[in-house]
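Visitor: Given chain A's structure and the hints, the job is docking chain B onto it.
Protein chains: 2
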Amino acid sequence: MRDAYHEELDSIGDSLVEMARLVGSAMGRATTALLDADLALAESVIAADEKVNALHHDLENRAIDLLARQQPVATDLRIVVTSLRMSADLERCGDLARHVAKVARLRYPASAVPHDLHPIVLEMGQLAQRLVAKAGLVIATKDVDAALELERDDDAIDALHRELFAHLIDERWQHGIETGVDVTLVGRYYERFADHAVSVAKRVVYLVTGEHVDEFVASTDGAGPE
Amino acid sequence: MRDAYHEELDSIGDSLVEMARLVGSAMGRATTALLDADLALAESVIAADEKVNALHHDLENRAIDLLARQQPVATDLRIVVTSLRMSADLERCGDLARHVAKVARLRYPASAVPHDLHPIVLEMGQLAQRLVAKAGLVIATKDVDAALELERDDDAIDALHRELFAHLIDERWQHGIETGVDVTLVGRYYERFADHAVSVAKRVVYLVTGEHVDEFVASTDGAGPE
Numbered sequence: 109m110r111d112a113y114h115e116e117l118d119s120i121g122d123s124l125v126e127m128a129r130l131v132g133s134a135m136g137r138a139t140t141a142l143l144d145a146d147l148a149l150a151e152s153v154i155a156a157d158e159k160v161n162a163l164h165h166d167l168e169n170r171a172i173d174l175l176a177r178q179q180p181v182a183t184d185l186r187i188v189v190t191s192l193r194m195s196a197d198l199e200r201c202g203d204l205a206r207h208v209a210k211v212a213r214l215r216y217p218a219s220a221v222p223h224d225l226h227p228i229v230l231e232m233g234q235l236a237q238r239l240v241a242k243a244g245l246v247i248a249t250k251d252v253d254a255a256l257e258l259e260r261d262d263d264a265i266d267a268l269h270r271e272l273f274a275h276l277i278d279e280r281w282q283h284g285i286e287t288g289v290d291v292t293l294v295g296r297y298y299e300r301f302a303d304h305a306v307s308v309a310k311r312v313v314y315l316v317t318g319e320h321v322d323e324f325v326a327s328t329d330g331a332g333p334e
Numbered sequence: 109m110r111d112a113y114h115e116e117l118d119s120i121g122d123s124l125v126e127m128a129r130l131v132g133s134a135m136g137r138a139t140t141a142l143l144d145a146d147l148a149l150a151e152s153v154i155a156a157d158e159k160v161n162a163l164h165h166d167l168e169n170r171a172i173d174l175l176a177r178q179q180p181v182a183t184d185l186r187i188v189v190t191s192l193r194m195s196a197d198l199e200r201c202g203d204l205a206r207h208v209a210k211v212a213r214l215r216y217p218a219s220a221v222p223h224d225l226h227p228i229v230l231e232m233g234q235l236a237q238r239l240v241a242k243a244g245l246v247i248a249t250k251d252v253d254a255a256l257e258l259e260r261d262d263d264a265i266d267a268l269h270r271e272l273f274a275h276l277i278d279e280r281w282q283h284g285i286e287t288g289v290d291v292t293l294v295g296r297y298y299e300r301f302a303d304h305a306v307s308v309a310k311r312v313v314y315l316v317t318g319e320h321v322d323e324f325v326a327s328t329d330g331a332g333p334e
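Protein chains in written order, with the working numbering: chain A, 109 to 334; chain B, 109 to 334.
If you're looking for bench data, these hints aren't it; they were derived computationally from the structure. It cannot be assumed that every hint is accurate.
Covered stretches of chain B (in silico footprint by chain A; criterion: 3 or more residues with CB under 8 Å from a CB of chain A, positions within the stretch not fixed) [as the list claims (entries may be wrong)]:
hint	segment
1	170-182
2	235-242
Stretch by stretch, here's where chain A covers chain B in the computed footprint (C-beta under 8 Å, at least three residues) [claimed, not checked]:
hint	segment
3	186-195
4	276-283
Derived lysine to aspartate or glutamate pairs resembling DMTMM-like cross-links, with alpha carbons at most 25 Å apart [what the hints assert, rightly or not]:
hint	chain 1	residue 1	chain 2	residue 2
5	A	Lys250	B	Glu231
6	B	Lys250	A	Glu168
7	B	Lys159	A	Glu319
These figures come from a predicted structure and were not determined experimentally. Even glycine gets a Cβ: it sits at the ideal position worked out from N, Cα and C.
Next comes chain A alone, as it looks inside the complex (with noise of 0.2 Å):
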């Protein structure tokens, strides 16, 4: 019974790395979708995100199942009620960036973006989909120095997104006020999808070592223009 527990487990394991590996791919794709004003592109991340969702749905009745018919204790317990939380993490990173392929489906066949800003969301969504691939790596290997980076490419994003709210509160701003909702938005979802990343990997350092990071990282989101 206890090895059929543990290929339970890491099967439960492989599809939080396939979720990580989607998302990334999708936030990927949305960045396309919004600079390129790519209506197929955006399209097809809107309709991608209906399988991170059900992986999100299989993945929690499996580890409902598991806690049933297995009742595991301690360490093993922790592991699949951390697992149900990483998936709600990740299943979150999968809106994020379907809300960026809307803003960009809404617009099109402008871009939401102005170029003189294309640099600067470029790079946000390449560091977005960058931190959500280390949480994959982090899940799979356990690798806590790769977790800890994290912090680092977080802080980066956060930097990117304060340059970005500095143009748009800049006096010179003259892109009007429809585009200034949408960048405000969009940053804000790069923001919170690598916050959500940056959880999942959070959540790994505390099952190997047993020490939070952070007491409170999911309270811990920047509240957008401070």
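Guide: Just chain B, lined up with the frame of chain A:
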């Protein structure tokens, strides 16, 4: 042992009701702080969020402890796992109230919201507070009819959110981009707060009836300007 188990389960329910009460009060006070530019009130909301976070972490530990000691199955297991999710929803509501208070603090001594938008923002704040109060009641009473009412209130918030965006992108907007950014983010915070309150109620409906009100509750929040 079963009696101790159900007592502990009740006590987890009580904590969820208390969290709902705290975050509802926090959002009401955050809205007042925002509209009145009341710095002291904003600071008190920001400080009080620690209590919600502490309740959330305490509840998580008690739920995991309950799983380990009592090893519930079937419905009992679902109740404990669902409580963990409701706690995460309510903790997030607390964050969002704190975010609104932080916008108030950032713009003090001015109000971050222009006077002509005060009625809309006030109504969003009141609805958000009412939604989470109802969610708390639903947790306490398991009243499915009350739970379904939350959907209607959430529709009302979404309508107000669209109205807010219509003002933002109106060519007669005269409040500048910085205020536009603030209003965009505040609108998003209320909307997400309401989504989490609805999510809590839907989880209770699922526990009581065994049927999902909506399979993908967590993944269908609005993406802002759509």
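Visitor: Now tell me, hint by hint, if it's right for this structure.
Guide: Checked hints:
{"no.": "1", "hint": "170-182", "result": "holds (count 6)"}
{"no.": "2", "hint": "235-242", "result": "violated (count 0)"}
{"no.": "3", "hint": "186-195", "result": "holds (count 4)"}
{"no.": "4", "hint": "276-283", "result": "holds (count 3)"}
{"no.": "5", "hint": "A:Lys250 x B:Glu231", "result": "violated (47 Å)"}
{"no.": "6", "hint": "B:Lys250 x A:Glu168", "result": "holds (23 Å)"}
{"no.": "7", "hint": "B:Lys159 x A:Glu319", "result": "holds (21 Å)"}
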